[in-house]
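Asks: Residues per chain are reported as follows:
There are 2 protein chains.
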Amino acid sequence: MSSPQQRRFFKLIHLEEALRLMHEAVQNRPIECENVETVRSLGRVLAENIVSEVDLPNHDYAAMDGYAVRASSVKEASQSNPVRLTVTGELHPPDHPTNRSIADHEAVYVACGAPIPKRADAVLRVEHADKENEEIIVKTPLEQGRNICHIGEDLKRNELVLAKNRLLRPQDIGLLVALNRKYVNVTRRPRVAILSVGDELIEPFKDSQNKTINDHAYIVSSLVEYFGGEPVLIAIARDNVEDISRKITSAMEKADLVITIAGCSVGVRDYVPDAIRILGEPGIVFHGVALSAGKVSGFAVAGSKLIVMLPGHVGSTVAGFYLLVTPLMNMLQGLGFKDSLPTLKCVLDETVRAKRLVDLLLPVKVFRSGAEYHAMPLTKPLSVLKNLVDANGYVIVPANSVLTKGASVDVKLYGALEFHSLAG
Amino acid sequence: MSSPQQRRFFKLIHLEEALRLMHEAVQNRPIECENVETVRSLGRVLAENIVSEVDLPNHDYAAMDGYAVRASSVKEASQSNPVRLTVTGELHPPDHPTNRSIADHEAVYVACGAPIPKRADAVLRVEHADKENEEIIVKTPLEQGRNICHIGEDLKRNELVLAKNRLLRPQDIGLLVALNRKYVNVTRRPRVAILSVGDELIEPFKDSQNKTINDHAYIVSSLVEYFGGEPVLIAIARDNVEDISRKITSAMEKADLVITIAGCSVGVRDYVPDAIRILGEPGIVFHGVALSAGKVSGFAVAGSKLIVMLPGHVGSTVAGFYLLVTPLMNMLQGLGFKDSLPTLKCVLDETVRAKRLVDLLLPVKVFRSGAEYHAMPLTKPLSVLKNLVDANGYVIVPANSVLTKGASVDVKLYGALEFHSLAG
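For the protein sequence lines, the chains are A and B, in the order given. Numbering follows the numbering used here, with no gaps: position 107 of the first sequence is 107. Going from the second sequence to the numbering used here is simple: count from 1 and add 424.
To be clear, the hints were calculated from the coordinates, so they are not data collected in a lab. Please read these numbers as outputs of a predicted model, since none were measured by experiment. Careful: at least some of the hints might be erroneous.
[As the list claims (entries may be wrong)] Here are the simulated EDC-like cross-link-like pairs (lysine to aspartate or glutamate), alpha carbons at most 16 Å apart as the crow flies: (1) A:Lys164 x B:Asp814; (2) B:Lys804 x A:Glu153; (3) A:Lys345 x B:Asp834; (4) A:Lys345 x B:Glu796; (5) B:Lys630 x A:Glu37; (6) A:Lys211 x B:Asp519; (7) A:Lys182 x B:Asp631.
Given these sequences and hints, build the entire structure.
Replies: Encoded structure:
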């Protein structure tokens, strides 16, 4: 009774199962690394353990502008018993290393960062010293070590200071610079090829009369960039097995991961799965996920390369990217098989329900209202790009369930740029 | 009674007052713009309103693989009363525009994306049609419009689709591409010059014997990059008014905003304020903020250029950057005078108290524990870079107050990269 035009049926698997199969397929892959200049490593993933070869700081220095003294000289100092110390000189940061020394009842002016003279063991802040000619008058005692930065206080020689698989942030770069590390070993950015499929498609910025502009490829390439990858755009494939398989083959030569867009549903000219099947073992790992957006998504492995099939309706393309591609990209970068999206607790602003058998991936508009974040469901059809433009995150509504208005829900934000619209 | 070596006193102003003065100084500045390629505009700030010149889609099309029919032909269809329709052909996406038409009791196979034949007003999904030879058997009625994407459903001609001052995300880029916009007008990235001051400093990646590596400049330049600016590194200035003022002048020629690091405290060789004073009107707007980290920070305006003085202890340098520089950088980019940092509600893991007169800016380590985020205070001295490396955000504890262990506090995360360590 099946239509000859329905070229395949879908055995839908749950998202968790899909993710498990993907994780299994990538978990033992070696992660490729490269040396980059430290000062260009922001946002990259560290591929080595960084152990300090030095003590930082490498000498004691004054943490404040003030006077280096012996704490014992001022231990009896009080308002009623001011202690006078003779100022015998001054030290500045470039005076390190110094041979200067102080005796009891002597002080040396030390600028913030200056080395500490021998026998001094505390620094009196300049604001707390009254100066008269060559003396200072001290009216409070000072504990030993006060206002001194000690050798090794920041980093100790042989200390593990940054562990492998950490994302490098500005302060981490500062630490590497402080350790004089000009280059740092990081994981290579995953190269992700993007292949749109369809006879009706045309590249943008041309006369598009009666054609459909291939905008999806540019959304996906921007998403790849957004999540730390290097996008590689492949020319549009036409609706035949030969062209698609040839272009996937070419894409696999250029990239670690190939994303196909459209051509993987039940239509008579949906040839992507056929094209993948002739590329070799192990082939299609799954095709069909029990999701309201992205149901015809799939995943394949051909040789050492990974292929994710994303559907052509933009809502499903983007959903498939977030759910299936971001954990893969993170894995390839050494960040583990997870999406790492910001999650916010929000008050749901409208009741939503998922169908019996498929989880609903629901785009939402998050906004701040007083101290709370609210999430407004955006329920336009999956073909409507404006729905995603209005959204800044999504909620997953489990199959056969209802989330009622006012409920607290976990929203995955689309990414960090969304915080600009949420800031107070 | 003041020490001759204390070259200035600080009249501390509150952070809110400092921010108000800065906002006032920049609020009427024109924001500079530039045209960039749309496909390279991720994360940039839109400087024009985008109005659609077309309807999108520009024709009705099938939203599913299926059969285009007249709803009226199947309105009586049911399990007990199956309706047979004659399939008279097929349409695919590139067949747009089509002259094909259907009569009552006829159907045309339409692939997802195909144009709709004349007189058809609904699409029956292929999974819901039993095909026998040249007929399909329909057992349920179908409402008009079902599974059809209508002209203008995504965007209507003359609709405002993206408003000025919006940060461009992947889907926004897709929309611009769909509108065939090859270039887009965005605000120019702010150029931020970074000038470290100190006789003891040496540039990194050299023999640093007895010198202090100028790592702070690279932390700040990475922060500038992190927050959407273009860093411009200036050679280290030495501790004299002439060198500092000459280098600030040179920095002002290259940048919109100059950040000085160190040399602005109460030491005898802290010459940055003196150097700024000779650069012209209006000069120093404030110098001294009632903060535990960054107390000697300041802000100046010289001609059309902005100068932020940051202190030299790294904890204070970074604190000053987050509090004072990020709102300025956002303002210069058209995002308004705010920091736009991600804010998370966290459970405080240790009691902390602020001194009587200064707000405490406290670095914290946020981590997830079950459904909650926790914030562990990191209280090492401001000179300790490792303290910032271990932190991923900060809490402001208002002057003269105590936040007790277990309290719910608002943590400002250092930025979006922090979510990688927080993801489950």
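Asks: Look at each hint and say if it fits the structure.
Replies: Structure-based check of each hint:
1. For the hint linking Lys164 of chain A to Asp814 of chain B, the alpha-carbon distance of about 14 Å falls within 16 Å, and the restraint holds.
2. For the given pair, Lys804 of chain B sits about 9 Å from Glu153 of chain A by alpha-carbon distance, which is consistent with the 16 Å threshold.
3. Our distance criterion of 16 Å between C-alpha atoms is met by Lys345 of chain A and Asp834 of chain B, whose separation comes to about 14 Å.
4. Under the criterion of a C-alpha separation no larger than 16 Å, the hint pairing Lys345 of chain A with Glu796 of chain B is consistent with the structure, at around 10 Å.
5. Between Lys630 of chain B and Glu37 of chain A the alpha-carbon distance is near 15 Å, which keeps this suggested pair within the 16 Å criterion.
6. Between Lys211 of chain A and Asp519 of chain B the CA atoms are separated by roughly 9 Å; this keeps the pair inside 16 Å, and the hint holds.
7. Between Lys182 of chain A and Asp631 of chain B the alpha-carbon distance is near 12 Å, which keeps this suggested pair within the 16 Å criterion.
The structure agrees with every numbered hint stated previously.
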